[in-house]
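Colleague: Letter by letter, the chains look like this.
There are 2 protein chains.
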Amino acid sequence: MTAGSYSHKYLFDFAKRVMVSLGVSDPDSESFANVLIAADLRGIASHGVARLSRYVDGIRSGKINPRAHPSVLVSAPTISVISGENGLGQVAATFAVEQAIEKARASGVGLSFVRNSNHFGIAGYYAMKPLSEDMIGVCMTNARPLVVHTFSRRAVLGTNPISLAAPTGWRYPFVLDMATSVITSGRVEVYERLSREMPVGWCVDADGEPAVDPAFVLDTIRSRRQGGLLPLGGDKEELGGHKGYGLAMLVDILSGVLSGAAFGLDVGSPDSPSHNVGHFIAALNIDMIMPIDEFRLRMSRLIEMLKSSPRQAGAGRIYIHGEKEFEEAQKRAIEGIPLPEKVVKTLVSIGESVGVPFEAG
Amino acid sequence: MTAGSYSHKYLFDFAKRVMVSLGVSDPDSESFANVLIAADLRGIASHGVARLSRYVDGIRSGKINPRAHPSVLVSAPTISVISGENGLGQVAATFAVEQAIEKARASGVGLSFVRNSNHFGIAGYYAMKPLSEDMIGVCMTNARPLVVHTFSRRAVLGTNPISLAAPTGWRYPFVLDMATSVITSGRVEVYERLSREMPVGWCVDADGEPAVDPAFVLDTIRSRRQGGLLPLGGDKEELGGHKGYGLAMLVDILSGVLSGAAFGLDVGSPDSPSHNVGHFIAALNIDMIMPIDEFRLRMSRLIEMLKSSPRQAGAGRIYIHGEKEFEEAQKRAIEGIPLPEKVVKTLVSIGESVGVPFEAG
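Sequence order for the protein chains is W and U. Numbering of the first sequence is given in numbering that gives the first Met the number 0, commencing with residue 0 and proceeding in unit increments. Numbering of the second sequence is given in numbering that gives the first Met the number 0, commencing with residue 0 and proceeding in unit increments.
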């Protein structure tokens with residue numbers, strides 16, 4: 000029961016079998032495990048198997064229905080409104096992106112609005128799906144309130160991520176996948192595990208003073224006290240905090256208000272029988288606008304302009320969004336996914352509780 | 000020839016007549032003046048009549064064709080690819096948003112990709128157009144390189160704004176209209192006029208050191224030296240500068256790369272016969288997704304959650320995006336638009352040169 004590296008295939012298989020043991024169908028368990036392992040491969044540890052226990056707890060507490068099938072509430076040539084029926088977010092969002100791709104194939108663009116869903120893992124996973132069809136993918140989701148908007152003491156909006164993936168002629172596609180807050184709560188958890196102080200500018204307490212103790216911030220979040228994470232741009236208008244706040248609104252309008260899901264304070268409310276998370280997922284058929292080869296060439300040219308820029312002293316490389324994660328995934332596919340002892344312990348314990356043994360490193 | 004307040008109707012009429020005198024048609028001159036005066040009314044002085052001389056110079060230098068008609072290069076049920084034919088950006092973008100609305104009426108969503116255009120004024124103007132049809136509007140544009148991306152010394156991307164407007168049941172619609180940089184070059188110009196130092200965190204010199212002298216930064220921009228404005232999130236990854244950089248990329252991908260316009264370093268290049276700016280404009284038909292009254296109610300509920308939040312000490316009000324600008328517009332519609340002496344002088348001089356007298360305060 001020690002820290003170690005695990006093959007992504009083993010972790011995929013474990014996550015899948017855990018879900019099957021809880022009543023999730025075989026294909027839905029695979030959809031779920033795909034998203035979790037994609038996060039671990041890409042180095043986004045906070046959204047990988049380390050988070051398995053939350054989904055297990057969600058199913059056990061009855062907030063997540065393991066047998067739910069997403070249902071289509073509205074279907075127009077370009078638009079789907081989908082209910083996740085309180086099932087796994089990964090299942091609803093995988094269904095939603097497939098719908099968007101299908102509609103984009105025929106109509107140029109496909110938009111899926113998802114309600115009655117749950118946490119779906121990394122937004123980038125769904126934004127990248129349309130890439131295999133030479134399409135641009137977009138994905139957003141709302142989330143439980145964590146982010147203190149400009150001049151407020153209390154968090155109303157979530158870390159509401161925006162992801163856009165586009166094909167290139169370069170080594171990797173362009174994949175932006177960003178919380179609209181300065182950092183995610185996963186980063187706070189990482190700092191807590193390391194018992195490290197966080198930089199000023201990430202989180203604030205109820206009085207808007209910098210909160211640098213990760214344990215304090217996690218406790219603030221859990222108990223829904225005042226204070227929380229800062230929007231991109233920080234706590235004031237001077238450096239653009241109202242812009243990060245505005246982007247979080249943009250995401251909640253498209254994925255929460257318009258989809259019919261919960262929004263603002265009501266997302267993932269402990270008083271509610273379901274989390275009612277909302278997602279917005281889009282696919283855009285490049286070929287209806289410009290030949291894909293021309294688009295790829297133009298993307299590569301833009302990347303070349305950015306990468307060949309003179310660099311700041313001490314900067315080793317100018318990065319394109321997604322580049323670090325693709326490199327990490329290549330490395331981890333060979334060397335395995337490193338898991339800290341605490342995560343291994345949790346996986347062993349989950350495994351014991353459902354009769355799917357986790358073979359510790 | 001002094002500073003003073005001018006009625007928006009007078010300024011509209013003046014701007015329109017100046018354009019007509021330069022060969023722009025009557026309706027196109029009105030489209031142009033509408034956007035300029037909307038900026039002045041909303042308090043965005045940098046994009047109002049203060050910028051008239053740039054458009055006049057553009058036409059006189061031959062970079063902007065006053066007689067251009069936008070042409071439709073691709074028309075699908077949801078998509079238009081439009082060439083502005085090197086005409087005024089306001090004319091191309093007004094045409095593009097009308098196309099998007101028309102397509103959204105029939106297909107749920109309409110997307111317009113515009114190439115061969117010029118600076119179009121404020122993005123929010125076009126995002127707000129679909130509001131009158133109970134639609135959500137989105138508008139983005141690329142712009143000449145001003146923003147130094149993470150770890151670079153040189154600006155490759157522009158201040159590339161994102162605007163989204165949505166109806167509400169509240170006093171004002173929600174209107175996000177934000178540069179993806181911490182500030183715009185217009186803000187630098189304002190600080191120069193006031194001979195004031197800028198805050199640290201807005202601009203950097205070639206070595207990435209804070210540049211607080213607005214005259215120095217404007218000179219950097221004009222001469223295309225290294226250094227420039229910072230992306231939202233600042234100069235490092237620690238507070239999310241790579242996110243602002245990523246958002247600027249998102250905008251350039253949709254409005255520049257995909258539209259067939261110039262992108263990155265090539266936008267507004269002094270070596271090129273045209274600026275070839277690109278825009279992305281979308282309209283989304285809410286009624287195909289959810290009854291508009293329900294959507295308005297839900298928006299109002301979200302706004303109520305944000306506004307009723309406990310406030311930081313000293314904060315008078317929690318704002319919703321667009322609120323300040325709508326209040327300013329109501330005030331200025333009555334009290335007039337204040338113009339500093341320098342701007343009045345320029346307008347008088349433009350007026351003399353085209354035979355359309357500007358009656359100073």
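No lab work stands behind these hints: they were computed from the structure. The structure displayed is predicted, hence computed values, not measured ones. Any given hint could be a false lead.
One copy or any two copies: either way a pair holds, since identical chains are not told apart in the list.
Said to hold, decoys possible - The calculated DSS-like cross-link candidates involving lysine-lysine, where the alpha carbons are at most 27 Å apart (straight line), are: (1) Lys323 x Lys235; (2) Lys344 x Lys8; (3) Lys235 x Lys306; (4) Lys235 x Lys330; (5) Lys330 x Lys62; (6) Lys306 x Lys323; (7) Lys235 x Lys62; (8) Lys62 x Lys306.
Colleague: Within a copy, between copies, both or neither: where do lysine 306 and lysine 323 come within 27 Å Cα-Cα?
Modeller: Classified as within: same-chain Cα gap 14 Å, cross-chain 39 Å, threshold 27 Å.
Colleague: For lysine 62 and lysine 306, with the copy left unspecified, which applies at a CA distance of at most 27 Å: within, between, both, or neither?
Modeller: Neither: 46 Å inside a chain and 30 Å across chains, both beyond 27 Å.
Colleague: Have a look at lysine 235 and lysine 330 and pick one of within, between, both or neither, based on CA distance no larger than 27 Å.
Modeller: For lysine 235 and lysine 330, the Cα distance is within 27 Å only across copies (25 Å; inside one copy 40 Å).
Colleague: Could you place lysine 235 and lysine 306 in one of the four classes (within, between, both, neither) given a Cα distance threshold of 27 Å?
Modeller: Between copies, since 16 Å is at most 27 Å while 32 Å is not.
Colleague: Within a copy, between copies, both or neither: where do lysine 235 and lysine 62 come within 27 Å Cα-Cα?
Modeller: neither (37 Å within a copy, 39 Å between copies)
Colleague: One pair to classify: lysine 330 and lysine 62, alpha carbons no more than 27 Å apart. Within, between, both, or neither?
Modeller: neither (36 Å within a copy, 50 Å between copies)
Colleague: Check lysine 344 against lysine 8 for me: Cα-Cα at most 27 Å, and say if that holds within a copy, between copies, both or neither.
Modeller: Only inside one copy: lysine 344 and lysine 8 sit 19 Å apart there, 71 Å across copies, limit 27 Å.
Colleague: My question is about lysine 323 and lysine 235: at a cut-off of 27 Å on alpha-carbon distance, are they close within one copy, between copies, both, or neither?
Modeller: Close across copies (16 Å), not inside one copy (30 Å); limit 27 Å.
In this structure, the hints that do not hold are numbers 5, 7, 8, in rising order.
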